[in-house]
Amino acid sequence: MIKKIEDLSYYELLEVSPTATAREIHKAYERIRRVYEPNSVALYSLFTPEESDAIYQRIEEAYHTLAYEDNRRQYDALLRERNELPEPPPLPSAPKYQSPQYQSPQSRLPFTHPDEDRYAISPAPEAQKQPAPIKPQQEAVSPVSQLIAEFTGSAIRVFREQKELSVRNIADMTKVGARYIEAIEEENFPKLPARAYIRGFLMLYAKALGCNPERMAGDYLKRYDAAINPPKK
Amino acid sequence: MIELQDALRKKEIWAIGGGKGGIGKSLITGNIGICLARLKKKVLLVDADLGGANLHTTLGLGVPDMTLSDFLNRRVENIQDVIIKTTIPNLSLISGAQDFLDAANPNFAQKTRLLRHLETLDADYILLDLGAGTSFNILDFFLFSDHGILVVLPEPTAIENAYRFIKSAFYRRFKKVVANQNIKDLIDAAMDQKNTMGIRTPFDLIERVKQMEREVGEILELEVLKFRPKLIVNQVRTKNDIQIGFSMKSACQKYFGINLEYLGYVEYDDCVWQSIRSKRPLTIEYPYSRPSRCIERIVHNLLRKEQLTLSMLY
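Chains as they are written, first to last, in the numbering used here: chain A, 1 to 233; chain B, 1001 to 1314.
It should be emphasised that the hints constitute simulated quantities derived from the structure, not laboratory data. Just so you know, not all the hints are guaranteed correct.
Below, computed lysine to aspartate or glutamate pairings styled on EDC-like, alpha-carbon distance capped at 16 Å [to be verified]:
no., chain 1, residue 1, chain 2, residue 2
1, B, 1175, B, 1223
2, A, 3, B, 1223
3, A, 4, B, 1221
4, B, 1040, B, 1124
5, B, 1111, B, 1077
6, A, 4, B, 1207
7, B, 1239, B, 1155
8, A, 3, B, 1207
9, A, 222, A, 187
10, A, 3, B, 1218
11, A, 3, B, 1204
12, B, 1042, B, 1122
13, B, 1011, B, 1122
14, A, 3, B, 1221
15, A, 4, B, 1204
16, B, 1010, B, 1119
17, A, 3, A, 15
Bound-form chain B, shown alone:
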C-alpha cells in the first residue's frame, strides 16, 4: 500500500516549449500549474525561459528577490532558497526574472546541477516553462522531462517552428544514445535539410545508420517509438484551427514516424488579453471563460494520459 502511494506520488516533470516566441507558453504553463494546484497537487513552476522570463507576470507576481540565476551563479547553494511561495495554495515558483546576462546560456555543469536539484525537490509536478528557439539548453530541458509539451498557434510561422523544434529535439535525442562519432557526425549533417547525402527524413537517416551499424539503427528506431511529444494548439478561432492539431499528428506520424499526442486546444478570447493586461492569472480572473475551460480539459487529459480524438470533435 505504501509502495502504491509512493508510486502515485511520484514526481512528474513536464516541459512546455514550442520553438516560437509569443505563442502562449508561459500563460499555458502558469494556468496548467494553477489547475493542478487546485486539484491539491503540489506544483512547482520553473521559469526556464532564461533570458526572457516572465512566468511570474502571468501569475500576477512582482519581480522576486531570489531567482534561478542566483542558484545558477551559486549565490545560493540550495535550490530551495530560490523557491517562492505564491498566493495560490500548493503552487510555488522558481522565477528566471532579471537573470544575469549569461544566464540565458548556462554551461553544461550549471545545467546538470539544476536538473539534479530539480529531481530532489518535493513536488507532485514540476512544470518547466521553456523559452523560444531550439538551443541545446532548451532541447535538453525538453528531453529531460517526463512529458514534453509543444504549444503551437494555427499559423504557418508557429507550425514551421514547431516542426523545427521536433526535428531538433528528435535528432538531439538520437545523438545522446549514439556513441560512435561517425554516426554523430552523420546526424549533424542530416540536420541540414539541404545535405548532399539525400537524407530528407528521419527514415532516411535511420536507413543510412543501419547500413553503417545495424544495431545502432535499431536502437534509433526504438527511440522513435519512445519519443511521444504532446501538442496544444493555442488561440483557435475556428473548427479548422482545431483540426490542425489532428493534421499535425498525422503529418508527424508519416514524416517522423513519431506519435504526437494531441492534448487539446485553447480557444482565442479577449479575456486572455485582459487577464495579461491586469496581471492576473486567467484561470483565477476568468475561471468560467472558454480558454480556462480548455486549459482544465488539457490538465484532465494530461492526468488521465488521454488525448483528443476525432470523435470528440464531431
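Next up, chain A with everything else stripped away, as it sits in the complex:
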C-alpha cells in the first residue's frame, strides 16, 4: 500500500523503524532535515516551495514528538489505536550509546497554566507513573513549551532544568558556546554578540529544547530590544 506524504507516520517520515533509539531518530532527523530544507538541490523541480515548507514543518513536528519519551509513548499509543503500529513495541530501552544530550530526555509537562503561575513547576508525578491516556493527535504532539507565556532567560533556564539538561549538554547539542548559553539565561545582554547571532543561538537552543524556535527567539529578542534600546521619554 503506497501512502501520500501527509499519511506517512512520523517514523515513516523520518525513515526510521518504530523501535529506533533516540540517537537513531536524531541522526535520521538531521539527515532528512537536510534533504527537505529550502533550496535543496536533490528536490529541484519536484516539490513546490509551499510543499517543501509543509514537509519541512512536518519533519520538525515528527522529531519533536519522537525525540522525547513521553511524547513518543503517547504517539505510539495513538498509532496503535489506528492499527498502524501492529504490536506494542518494547519500552524504549537505554540506547547502546547515548550522547550526553540524550540522557533521560524528559518531556513532562513542567509548567502550570500561565494564568495561575507563569513559571511554577508542576509536580505531575502521576503523569510519570501512569502512561498518559490516549489523546487526540493534535494534543498529544503539541509542544510542551506552548504552556510558557513568555520565554524570558529564567523561563528558558527552568525549562532546560526540567528536561534535566545541563548548560554543557545544550552547548554540545547546539554547538553554541556555554558562556553564551549562560548569558542568554542570565539575560546578560552585554556579554552576548550582535542581535543576529543571538537570534541564531536562540533558534538552535529552542530546537534542542523542543520549543517553537520562532516563538522563543521572538519573545526573547523583544526583551533584548527593550533592554538595549529603551523607549525614549
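Following the hints, put chain B in place on chain A, whose structure we already have.
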C-alpha cells in the same frame, strides 16, 4: 543442476538513461561493460542513442562498417551481422554510429523487431546505452529492460531531467497496463503538471483512477511497487554530492512512492577527461583511478543486487 546453470546464465538487459545529455551515460555504459567482461561475463553493448551515438568512441573504436541502422533499415536481416567484436575479450558492440537520419525515430515495427532480436542473442548481459530526452522510444527501451539505470550529475539541471525521466517512464508504464481509453486519457492529462484536475503526484492520479475503476487503481499501485529504477550519481566532488543520491531516493519514495535504488557514485577526476581525449576506455587506461574503482563498485552492487546504504557513507 542444468536448470540451475541455465537460470544463472539467464540473460539480463540493463538500460542506462538519464534524461539529460552529456552526463556520462555512454562512458558509464562502456566501462560497466568492460568490468563485466573482465569478470568473464559475455557482454553485448548496444548503442541505442539513436541520432547521437558515440559509445564506440568511449571504447576506443573507429566508426564501424555495420551499425544498428543497417539492421533497422533491413539492409541486413540478422542482428548478428551488426555485432562488432571489440579488442576486449567477451565484449561486443552494436554501434549506432552514422545512422540514417530517420533512425533516431524508429517506428513501432522497427523497435519491436529490435527488441525481439535482442532477446534471442547469446549474451549474459546486454547493456543499452540510451540517448537524452524522454521520447517514447527511449522510455520503451528503459521499461523493456530488466534493470533501468538512471545517471545524474549533482546539478539542478540533471536532477530536473532525471525526475522528468522517472515521471515519464512511470506514466508510460501506467499507460501500458491500462486498457480503458478514458484512463489512458487521464494519465496523459496528468502528465501536464499544470493540469486543472488537481492531479499533482502519482498518488493523486491513482486515487482518481480508483474512483473511476477500483481494480485498475489497484493494478497501478502494484506497478508502483514493481517499478524500481536504479541510480548512479556521476562526477561527485564532495560528500554532499554523494548524499544527493540518498536524498533523491528519499524524495522519490515520498513523491512517487517508488523505491529508487542507489547503486553508487562515480567520482570526478581529470583522468576521465583524459581517457576520452585519448579515445581509450577509462577502466583500461586508468584501472586504479578512483572513478574506475567507483565503476567496479557499481558493477559489484549490480551483480549482487545490492545498493549503497548510509552506513557505507559515514
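A quick look at each hint next to the structure:
1. B/1175 with B/1223: 11 Å, holds
2. A/3 with B/1223: 14 Å, holds
3. A/4 with B/1221: Holds. Residue 4 of chain A to residue 1221 of chain B sits at ~12 Å (cutoff 16 Å).
4. B/1040 with B/1124: 10 Å, holds
5. B/1111 with B/1077: 14 Å, holds
6. A/4 with B/1207: Roughly 10 Å between the alpha carbons, so the hint for residue 4 of chain A and residue 1207 of chain B holds.
7. B/1239 with B/1155: Status holds; Cα separation ~14 Å.
8. A/3 with B/1207: The given pair, whose Cα atoms are some 11 Å apart, holds under the 16 Å limit.
9. A/222 with A/187: Answer holds: residue 222 of chain A to residue 187 of chain A is near 12 Å, not above 16 Å.
10. A/3 with B/1218: Measuring from Cα to Cα gives roughly 13 Å; hence the hint holds.
11. A/3 with B/1204: Roughly 10 Å separates the two Cα atoms, so the pair holds.
12. B/1042 with B/1122: Between residue 1042 of chain B and residue 1122 of chain B the Cα gap is close to 8 Å, so the pair holds against 16 Å.
13. B/1011 with B/1122: Since the Cα atoms of residue 1011 of chain B and residue 1122 of chain B sit roughly 8 Å apart, the hinted pair holds (cutoff 16 Å).
14. A/3 with B/1221: 10 Å, holds
15. A/4 with B/1204: 9 Å, holds
16. B/1010 with B/1119: 11 Å, holds
17. A/3 with A/15: 13 Å, holds
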